[in-house]
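Engineer: Sequence lines, in order, name chains A and D. Per the working numbering, the first sequence starts with residue 13, numbered consecutively. Per the working numbering, the second sequence starts with residue 74, numbered consecutively.
Heads up, some of the hints might be wrong.
[What the hints assert, rightly or not] List time: in silico DSSO-like cross-link candidates among lysine-lysine, alpha-carbon distance up to 27 Å:
1) D:Lys227 - A:Lys46
2) A:Lys65 - D:Lys227
3) A:Lys504 - A:Lys362
4) A:Lys603 - A:Lys613
5) A:Lys362 - A:Lys412
6) A:Lys613 - A:Lys601
Honestly, the hints are just simulated from the structure, not real lab data.
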Amino acid sequence: MPKAFDFANPPFDRLTAPELERFAACLDVAFFQKGETILRPGDQPSAFYVLIKGAVQELAGDQVIAILGPNDCFDSGFLIERGTRHAFVVQEEVICYVAPIDDIVDLIANNKTFAEFFYRDISIKLDALVARQEVRALQPVTMATVRDAYVRRPPLVPAATSIFAAASRMRAEQASSILVQDGERTGIVTDHDLREKVILERRDLDQPIGPIATYELIGIEAGDLLVEALLRLTRHGLHRLVVYQDGAIQGVLDQIDLLSFLSTQSHIVLIQAERAGSIAELRRASEQLLVLVEVLHGHGTKISYITRLVGELTRRIAAKLFQLLASPALQANACLMVMGSEGRGDQILKTDQDNGLILRDGVDLPEVEQFGAAFTEALISFGYPRCPGNIMVSNPVWAKPLAAYQADLLRWLTQPDETALMNLAIFLDAAPVAGDASLLQAAKAHLAALASGNRACFARFARPIDSFDTPLGIFSHLIASQGADRDALDLKRGGIFPIVHGVRALAFEQGLSETNTVERIKQLTEQRLIEPAFATDLTEAYSFMLGLRLQTRLDQMRLEQPPDNLIRPQDLNRFERDLLKDSLVIVNKFKERIRYHFNLKML
Amino acid sequence: MLPRALARPLARWRLKEPRFAYLFEPPPDDDLVSLDCETTGLDVASAEILSIAAIKIRARRILTSQRLSLLIRRSAPTHRATVLVHHLRAVDSAGGIELDEALEQLLAFIGARPLVGYYLSFDLRMLNKFLRPKLGTGLINRAIEVSELYYDAKTHRLPDRHVDLSFASLSRDLDLPELPAHDPFNDALLAAMAYLRLTGGGWRVPDG
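Based on the provided sequences and hints, a complete structural model is requested.
Structural biologist: Set out below in structure tokens:
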């Protein structure tokens, strides 16, 4: 067996020891010289290559899309697409393992996690990552269904089985209950039943289990809400419910599992925020946010749920604070809005405050100034830092009547300097949080009317998408040239911003009122501005990068380092690096589309 | 040393067993075989063979999937120092095959193909020590010494330079992968890699 083979390297870390042994035994070692083409587009390769030494360029047309180095392998695309799409050309003399395709195909057929690696489509790769971490998606508790919780599958025995045999079976499968099949009927016997009906009644253990089973089962459908399950348990004083799916018994929902599921849920924090009667109570709810995010992320919760949760909580806190601080006149005649990442619902932690107030024209509200200052201070005390650009209700520029905003919007469109474009971007992401939402709607409608049909204006707006280079180079996968040691890349500028801004520009042009990036992508897909397959890739790339950023932030907070958006590729594992690379390829593709769509090359 | 043209008929004439005649025919294909033996010592007269590995090289490819890896059964107690170098204890060798059986398999595997190795002459002398009584002659396969190829490459531009011929130095210079040493399979694999690096034309002698 070639012992140089790096078994710890994906995808081979997913193989079992016997699989690895068989796989290693079928490997050859091949040499390729500089300039040699190992695979051409359209080739039906008979071998799969794993680099030991040297470098291979992966080319799409003339464009180098990746440089593969030691431990990288190619080409997995053909496994699902039947045919290599890219050319693989030796850049630096290569020593590589050559695995016969048939053996890889065998492994793929027999090992699901191994197979997943090869599905090149990034969303499937991401799902594989999720599956490996045994992630359970987080949903608001009101939406969570029985199948989201842990449904146990107790053993099933015929009614004629002896009590002793049934109990042995329960022990063997570590089950606290067992299902009993008696003709058409299905019953259940629990630990509790064994104590009450067998031990305390001195029943013979060789008697059949059938007679002691309970056949009037209280059950619930797998698709029913967990809240309903909780109610049913309480109402009947039960410890478990039988779970049905299409009339057939699926398993058993244990009270313990239900409660443990609920206790990790976020709704508790949301409810606390909702019920807060004072600023101090609201602050307590807010303080749990970080803990919650850390716990959720630590348990592998999907990043889109975390952002949704954090967004929801932030808005509720702001809304509650508005209720607590604003006079009834202000609440009736103003719209509190959050902007920037808060408006998009994209923030992953407590971010800088970005909020504003739109006042109804012609209503005199002298208390605005005092409210603004109190609101901003309260949020600071909750841990939301002051906005460096001073986009806060305490700043009169962002707390003024509708007519004044409308004048601003016209100026931003017609005199588009850097600040104007930035303000426009921030305002486009504004979402109403409390007060009269129609004021913000009116401002946005005004903006849409002003910009409507003005292609040059949309193009100018889209243009900053090229402000930062994607840190994906011609001569290496990831360009890490940022930071003190020049070994990091700026994920926000290089990866996240282009997606957010490109999507925002398209949404602006289409007059969408939606502010969330993922939702905007959905709507743009419905309007056929983005094709569905690419939309999926774009969304997953975006979520993946947000997740990476969250991880970095959490690490920085733990180490008490100042927050930044830098990612050090060497801190990532191979799988993550691969995904980041794929994500940045998608960023590049998206930028290209945006440039084309808005004709940016002509500007 | 005899010219190859003469060596072949001479060896065939000396050959005791006609079934080994294939060893002295022209090679059946263009393959080469990288070879390495692990022994109990470096003195040919007293050393024993512990294990043998052979890997075919076809064009630019090392056929590790069709390798030959032989562990020899030994009866004599293994010297402690050898155990420390090769991690082969007497108990490991107990699972091996008889030397005679190993040599038969090896001969069938290499045939008349040219052999590649690092310090190959030692391996050949070791093998021939046991083959001569059996065949009546030693192997006459062409021997390609990678340290010689390396020396030639290094002195091509600077004829008088000193060349460190240790395997560690050669391996570093040729940028070969790091493999656990003193495993005959790995050593044969590294020799094959060194051979392909040195004959591929892609390798440039580093300056200095």
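Engineer: Does D:Lys227 lie within 27 Å of A:Lys65 when you go C-alpha to C-alpha?
Structural biologist: Judged against 27 Å, a Cα distance of about 21 Å means the pair holds.
Engineer: Going straight from one Cα to the other, do D:Lys227 and A:Lys46 come out at no more than 27 Å?
Structural biologist: Roughly 21 Å separates the two Cα atoms, so the pair holds.
Engineer: Is it true that the CA of A:Lys603 sits at most 27 Å from the CA of A:Lys613?
Structural biologist: holds, 12 Å
Engineer: If you draw a straight line from the CA of A:Lys504 to the CA of A:Lys362, is it 27 Å or shorter?
Structural biologist: holds, 16 Å
Engineer: For A:Lys362 and A:Lys412, compute the direct alpha-carbon distance and say whether it is at most 27 Å.
Structural biologist: holds, 26 Å
Engineer: Under the criterion that the straight-line Cα-Cα distance not exceed 27 Å, is the pair A:Lys613, A:Lys601 satisfied?
Structural biologist: Measuring from Cα to Cα gives roughly 15 Å; hence the hint holds.
Hint violations for this structure: none, all hints satisfied.
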